[in-house]
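K.L.:
Numbering (the working numbering), first residue to last: 1 to 145.
If you are wondering where the hints come from, they were derived from the structure by calculation, not from laboratory data. Predicted model only: the values in this text are computed from it and were never measured. Just so you know, not all the hints are guaranteed correct.
To be verified - Under the rule of at most 27 angstroms between Cα atoms (straight-line distance), these lysine-lysine pairs were calculated in the DSSO-like manner: (1) LYS112 to LYS137; (2) LYS84 to LYS136; (3) LYS84 to LYS137; (4) LYS136 to LYS111.
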Amino acid sequence: MAAYGWSQGTSVAQGLFGEGHRFDFYQAVRILEMMTPERAGVGIQDDPEREVVRFSSRVRMDYPATDVDSVAAPRRHGDVPVMKVNFLSLAGALGPLPNRLSEVLLERLSKKDEALRDFLDIFNHRLISLMYRARKKVRISLQDR
Numbered sequence: 001m002a003a004y005g006w007s008q009g010t011s012v013a014q015g016l017f018g019e020g021h022r023f024d025f026y027q028a029v030r031i032l033e034m035m036t037p038e039r040a041g042v043g044i045q046d047d048p049e050r051e052v053v054r055f056s057s058r059v060r061m062d063y064p065a066t067d068v069d070s071v072a073a074p075r076r077h078g079d080v081p082v083m084k085v086n087f088l089s090l091a092g093a094l095g096p097l098p099n100r101l102s103e104v105l106l107e108r109l110s111k112k113d114e115a116l117r118d119f120l121d122i123f124n125h126r127l128i129s130l131m132y133r134a135r136k137k138v139r140i141s142l143q144d145r
């Protein structure tokens with residue numbers, strides 16, 4: 001199996017789930033698609049739980065250095081990996097929503113109230129999925145072989 005980095009003992013999947021921020025967004029999604037070929041591609045199904053990955057936007061008031069914040073491995077068999085991205089978010093410094101709403105969202109997150117973020121992630125997931133599908137259509141390296 002392919003190794004991530006220079007060590008023999010670390011697989012690409014372990015590298016992706018352990019250090020997702022080191023991967024390019026398109027590369028990370030392509031790896032997840034190749035790891036689970038039985039699942040539907042990104043943005044193709046009506047039900048995101050049947051896709052290869054679930055996107056969640058990281059709400060921040062700074063400008064992050066990487067596109068991918070983290071990739072969480074599925075907790076149970078049948079669960080979908082969750083990729084937190086630092087771009088194309090509705091809230092935060094890079095989002096179109098007012099800063100005051102982003103501040104309210106960050107305040108709620110600090111109190112472990114994730115309802116508003118989860119609601120926005122419904123739309124974030126679809127936007128990011130459409131962006132990936134558009135790029136995949138014109139990039140040969142992302143297309144299925």
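K.L.:
Evaluate each hint against the coordinates.
P.N.:
How the hints compare with the structure:
{"no.": "1", "hint": "LYS112 to LYS137", "verdict": "violated (38 angstroms)"}
{"no.": "2", "hint": "LYS84 to LYS136", "verdict": "holds (20 angstroms)"}
{"no.": "3", "hint": "LYS84 to LYS137", "verdict": "holds (23 angstroms)"}
{"no.": "4", "hint": "LYS136 to LYS111", "verdict": "violated (38 angstroms)"}
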